[in-house]
Amino acid sequence: MKSIYSAAELQEAIDELERKRINQELDIHDHFEGLVENLKPANLVKHTFQDILSSPSARNNLLGSAIGLGSGLLSRKLLVGKSTSILGKTIGSLVQFGVAGVIAKNSEKIKEKAAELIGRIFGRKKRYQPDIIEEEK
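Mapping of the sequence shown onto my numbering: position 36 corresponds to residue 188, and the numbering continues sequentially without gaps.
Bear in mind the hints are in silico, worked out from the structure with no lab data behind them.
For each residue, glycine too, the CB sits at the ideal point set by N, CA and C.
Heads up, a few of these hints could be off.
As a list, the in silico SDA-like pairs of lysine to any residue whose alpha-carbon atoms are at most 25 Å apart [as the list claims (entries may be wrong)]:
id, residue 1, residue 2
1, Lys172, Ser158
2, Lys229, Ala210
3, Lys261, Ser235
4, Lys241, Gly222
5, Lys257, Asp203
6, Lys154, Asp182
7, Lys241, Ala256
8, Lys261, Asn212
9, Lys229, Gly250
10, Lys263, Asn213
11, Lys241, Ser227
12, Lys172, Leu191
13, Lys241, Ile255
14, Lys154, Ala165
15, Lys257, Gly275
16, Lys265, Arg211
17, Lys234, Ile204
18, Lys198, Gln176
19, Lys263, Ala218
20, Lys263, Pro208
21, Lys257, Leu205
22, Lys261, Lys198
23, Lys172, Tyr157
24, Lys257, Gln176
25, Lys263, Ala210
26, Lys257, Arg211
27, Lys265, Ile255
28, Lys257, Ala194
Derived DEER-like restraints, expressed as beta-carbon distance ranges [said to hold, decoys possible]:
id, residue 1, residue 2, range
29, Ser209, Leu169, 48 to 54 Å
30, Ile273, Asn190, 30 to 36 Å
31, Ile204, Arg173, 40 to 46 Å
32, Asp179, Ala210, 43 to 49 Å
33, Gly250, Asp182, 28 to 34 Å
34, Leu205, Leu269, 23 to 29 Å
35, Ala266, Val188, 24 to 30 Å
36, Leu191, Thr242, 39 to 45 Å
37, Gln176, Asn213, 41 to 47 Å
38, Leu169, Asn213, 28 to 34 Å
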């Protein structure tokens, strides 16, 4: 800061500092509003999902976990059904978590095999077309 030698220079410096203070207050207010907006629960969830979906590895992990969880639930329902006994519920839970874990760990292999199977089922089939030889007359 430069030296001040007169009342006019002092007033000019004061005015400049006042403008600077007002600009800083406006900046702080804007940043605070942005912070409040970002900390709303809906925005936190939205940004978290955007981060997850933008990352390919996280998306694959999430997909594998979802497939594992779904198949675990399905296997539990198929094997145990609506059991009311404690033993049946325990076995069902063990089967569910076991299947979910195995499928989540091997989700890439399962996706490859599923894509191959779908390709075989719905892929183009080559039709046999015999060669037609035209006879000369």
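Hint by hint, here is what the structure shows:
Under the criterion of a C-alpha separation no larger than 25 Å, the hint pairing Lys172 with Ser158 is consistent with the structure, at around 21 Å. At most 25 Å may separate the alpha-carbon atoms for a hinted pair to count; Lys229 and Ala210 exceed this at roughly 29 Å. With a C-alpha separation of about 33 Å, the suggested pair Lys261 and Ser235 falls outside the 25 Å cut-off, and the hint is violated. Using a Cα cut-off of 25 Å, the hinted pair Lys241 and Gly222 holds, with the two alpha carbons roughly 17 Å apart.
With a C-alpha separation of about 22 Å, the suggested pair Lys257 and Asp203 falls inside the 25 Å cut-off, and the hint holds. For the hint linking Lys154 to Asp182, the alpha-carbon distance of about 31 Å lies beyond 25 Å, and the restraint is violated. Restraint check for Lys241 and Ala256: the C-alpha separation of about 22 Å stays at or below 25 Å, so the hint holds. About 12 Å separates the Cα atoms of Lys261 and Asn212, which keeps this hinted pair within 25 Å; it holds.
With a C-alpha separation of about 14 Å, the suggested pair Lys229 and Gly250 falls inside the 25 Å cut-off, and the hint holds. At most 25 Å may separate the alpha-carbon atoms for a hinted pair to count; Lys263 and Asn213 meet this at roughly 12 Å. Distance check on the hinted pair: Lys241 and Ser227 sit about 13 Å apart at the alpha-carbon level, within 25 Å; holds. Distance restraint check for Lys172 and Leu191: the Cα-Cα separation of roughly 28 Å exceeds the 25 Å cut-off, and the hinted pair is therefore not satisfied.
Simply put, Lys241 and Ile255 have alpha-carbon atoms about 21 Å apart, close enough for the 25 Å limit, and the pair holds. Distance hint between Lys154 and Ala165 is fulfilled; the C-alpha atoms sit about 10 Å from each other, no more than 25 Å. Of the supplied pair hints, the one linking Lys257 and Gly275 is violated, its CA atoms being roughly 28 Å apart against a limit of 25 Å. At most 25 Å may separate the alpha-carbon atoms for a hinted pair to count; Lys265 and Arg211 meet this at roughly 19 Å.
For the hint pairing Lys234 with Ile204, the CA-to-CA distance comes to about 35 Å; that exceeds 25 Å, so the pair is violated. Only pairs whose Cα atoms come within 25 Å are accepted, and Lys198 paired with Gln176 is rejected, the gap being roughly 30 Å. Under the criterion of a C-alpha separation no larger than 25 Å, the hint pairing Lys263 with Ala218 is consistent with the structure, at around 13 Å. Only pairs whose Cα atoms come within 25 Å are accepted, and Lys263 paired with Pro208 is accepted, the gap being roughly 15 Å.
Straight-line distance between C-alpha atoms of Lys257 and Leu205 comes to about 20 Å, which keeps the hinted pair within the 25 Å bound. The straight-line distance between the Cα atoms of Lys261 and Lys198 is roughly 31 Å, outside the 25 Å bound, and the hint therefore fails. With a CA separation close to 22 Å, the supplied pair Lys172 and Tyr157 stays within the 25 Å bound. Of the supplied pair hints, the one linking Lys257 and Gln176 is violated, its CA atoms being roughly 52 Å apart against a limit of 25 Å.
Between the alpha carbons of Lys263 and Ala210 the distance comes to roughly 16 Å, so the proposed pair stays at or under 25 Å and holds. For the hint linking Lys257 to Arg211, the alpha-carbon distance of about 14 Å falls within 25 Å, and the restraint holds. In summary, the hint linking Lys265 to Ile255 is supported, as the alpha carbons are separated by about 13 Å, within the 25 Å threshold. A threshold of 25 Å between alpha carbons decides the hint, and for Lys257 with Ala194 the separation of about 31 Å lies outside it, so the pair is violated.
With their beta carbons about 51 Å apart, Ser209 and Leu169 fall inside the hinted range of 48 to 54 Å. Hint check: Ile273 to Asn190, Cβ distance near 47 Å, so the stated range 30 to 36 Å is violated. Look at Ile204 against Arg173: about 42 Å separates their beta carbons, and that is inside 40 to 46 Å. The given range of 43 to 49 Å is broken by Asp179 and Ala210, whose C-beta atoms sit roughly 34 Å from each other.
Range check, Gly250 to Asp182: Cβ separation about 53 Å, and the 28 to 34 Å hint is violated. Separated by about 27 Å at the C-beta atoms, Leu205 and Leu269 satisfy the suggested range of 23 to 29 Å. Between Ala266 and Val188 the Cβ separation comes to about 45 Å, which falls outside the hinted range of 24 to 30 Å. The hinted range of 39 to 45 Å is satisfied by Leu191 and Thr242, whose Cβ atoms lie roughly 42 Å apart.
At about 44 Å, the CB distance of Gln176 to Asn213 agrees with the hint of 41 to 47 Å. A hinted range of 28 to 34 Å is violated for the C-beta pair Leu169 and Asn213, which are about 54 Å apart.
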